[in-house]
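Visitor: Please model the complete structure; the sequences and the hints are all you need to start from.
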Amino acid sequence: MLKKRIIGSIAVLNGWAVQSTSYNSYLPLGRPEVIAENLDRWGADEILIQCIDRSRNSKGPDFSTLSKIADAGITTPLIYAGGIKDSLDAINVIKHGADRVMFDALLNSDLSEIIKSARILGSQALLGCLPVSYNQGKIYRLNYLTKETELLTNQYLENIYSSSVSELLLVDYLNEGLDKAFNFNILKSSKVENINIPILIFGGISTPRIAKKILKQGNIAGVSIGNFLSYKENSIEYFKNKINLSSIRKHKFLKKR
Amino acid sequence: MKKITIGIVDYGFGNISSLYGCLMSLGFSVNVSSKKSVLKKSDILFLPGVGAFDSGMEAMYEKNLVHFIHGFHASGKTIVGICLGMQLLFSSSDEGSSTKGLCLLPGRITKIKTESTHIGWNKIKILKPRSIFNNFDEKHFYFNHSYSFNGSRKIVSGTSVISDKKEIVSAIVKKRNITGLQFHPEKSQFNGAKLLNRIILDAYNA
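In order, the protein sequences belong to chains A and B.
Counting in this note's numbering, the first sequence tops out at residue 269, every number present.
Counting in this note's numbering, the second sequence tops out at residue 211, every number present.
Derived from the structure by calculation, the hints contain no laboratory data.
You can trust all of the hints, since none of them are fake.
Okay, derived cross-link-like pairs now, DSS-like style, lysine-lysine, Cα gap no bigger than 25 Å in a straight line:
(1) A:K262 / B:K170
(2) A:K262 / B:K130
(3) B:K128 / A:K224
(4) B:K40 / B:K105
(5) A:K228 / B:K144
(6) B:K116 / A:K128
(7) A:K224 / B:K144
(8) A:K262 / B:K199
(9) A:K262 / A:K244
(10) A:K228 / B:K171
Covered stretches of chain A, as calculated for chain B (at least 3 residues, CB under 8 Å):
(11) 14 to 23
(12) 105 to 115
Cβ coordinates follow ideal geometry from the N, Cα and C atoms, glycine included.
Guide: As structure tokens, this is what we get:
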């Protein structure tokens, strides 16, 4: 049976890996390729590279960072997000070393380019990223570019399904980078329970206990963890051992490559 | 001793750098190219691929690689297809229109039935215990596909169960000098590299 995934997330700003808090304040961590090498060695199930300044500043994908990570000989699948404007960018992201492409701003601006990407790359190579928040029983989505929030509607979700993305990363953006902060109300909402493509969760997941609780929900295919993997050597194995669910893949730490 | 030379067919589809890096780390000499003059020097040919069947085959035709691949196969040298590269080895696919595949293996690629996609790490079951794949029974590999081969079990060496409804997909196919892997060994960490090494050494020593 397919295993649920523990995904190591690397936030990249101006070519440097950063520790991000609520996508608002940043502290440098180092070179993204070094962090990716660690996550690879520690047995991450996928690595998500989020180039957080690219869509906002219309810079296009960060091919230089992506190539450096791919050339480091990473044997863990790479997901790339940031600055993808059209299907050509998506194809080039794959050519530069990513295995999968995550769309953020394009979900709000041009679904036809995502559909075009699916025709060429296959829907399994595509994911959507949806920053959400919870307030008084309702789920709101954040538009990356305008910074405005809107009620998450069934129509919006239908549009996402029609775009052919195979999975959706829900980001608890208000709690991103904060310790033990993931808002479980997001998962309890019927809106999220009824999402009919596999969901990945990111934001405020700082402990194995939180990750385990999220992974127990049926439609959750994985959790993505950022800052909190950087504070401990071999943190992926630590998380996996503590989560201790048969639905996740155990990994034996490789001391030497 | 001569270094084994691997050719990776660059038909414009997929993440070739991962496969290149993985094979280089195993100590093989690797050429990535779409040129027949370069690829024909290979001992073993790899067809990688991320993408849709139609687009992949169209790119193969555009780069005039179809005839070359048939010739390479006829010479008795080994061809290894990965993910889309494996699917292209078959005659046709439900994905897209009626574009013909490479027709090196009999059968049609069909849509997975019980799930929309099969993405992530899954165990494989080796069906032929005396095959070179025996040591990889029950090992996890990384899958990322929506279509699979669901035809004659004679050429299937390994399978994977993909859903609660127990749908089974072909994970490894093998017929004479052709091997197809539905998963991505180059992205399957230690076990993936070990499997690639095994396939290459077996093919070269055959």
